[in-house]
Amino acid sequence: MDIIQNSIAVGKYLVSPLIKDLDDGRFAASVSIRSGRGSGTHDRVMRFTPRFASHAAALRYAIDEGLGWVCERTSPPTPACLA
10 MDIIQNSIAV GKYLVSPLIK DLDDGRFAAS VSIRSGRGSG THDRVMRFTP
60 RFASHAAALR YAIDEGLGWV CERTSPPTPA CLA
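In my numbering, the protein residues as written are 10 to 92.
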């Protein structure tokens, strides 16, 4: 598992959490999951409805959800999915 500025490479996927500051001081979480290269690149973005009191909590949620999605589709499991 390689972490590149909050992005995590897992096999053929790149999981990138996206955190947005909201006007009320809370945080929204999304995650981008990219696969492929060049013109064959596919990017899935998931936006989550929970709002978080801290940037760290939103970041952790987005990473957990993104890795969960990847791990459901990865066979055999990568080390990131076994942790």
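Treat the hints with caution; some may be incorrect.
Stated by the list, open to error - FRET-style restraints, in silico, Cβ to Cβ: (1) 84 x 15: 22 to 28 Å; (2) 55 x 84: 20 to 26 Å; (3) 44 x 73: 16 to 22 Å; (4) 52 x 30: 21 to 27 Å; (5) 85 x 30: 34 to 40 Å; (6) 59 x 85: 28 to 34 Å; (7) 29 x 82: 24 to 30 Å.
Derived by calculation from the structure, the hints in this document are not laboratory data.
Beta carbons are placed, not taken as given, at the ideal position from N, Cα and C, and that holds for glycine.
Practice task
Note whether the CB distance of residue 85 and residue 30 lies within 34 to 40 Å or breaks it.
Solution key: Since the Cβ atoms of residue 85 and residue 30 sit about 39 Å apart, the hinted range of 34 to 40 Å holds.
Problem - Consistency of beta-carbon spacing, residue 82 to residue 29, with hint 24 to 30 Å - result: With Cβ atoms ~26 Å apart, the hint holds.
Practice task
Return holds or violated for the Cβ distance of residue 44 and residue 73 against the range 16 to 22 Å.
Solution key: holds (19 Å)
Exercise for the section: Could you tell me whether the CB distance from residue 84 to residue 15 stays inside 22 to 28 Å? Expected result: holds (26 Å)
Problem - Outcome of range test on Cβ distance (residue 52, residue 30; 21 to 27 Å) - result: holds (23 Å)
Handout entry: Cβ distance range 20 to 26 Å for residue 55 and residue 84, holds or violated
Key = Between residue 55 and residue 84, where Cβ atoms are some 21 Å apart, the hint holds.
Practice task
Go ahead and decide if the range 28 to 34 Å is satisfied by the Cβ distance of residue 59 to residue 85.
Solution key: For residue 59 and residue 85 the Cβ distance comes to about 31 Å; the hint holds.
The structure shown violates none of the earlier numbered hints.
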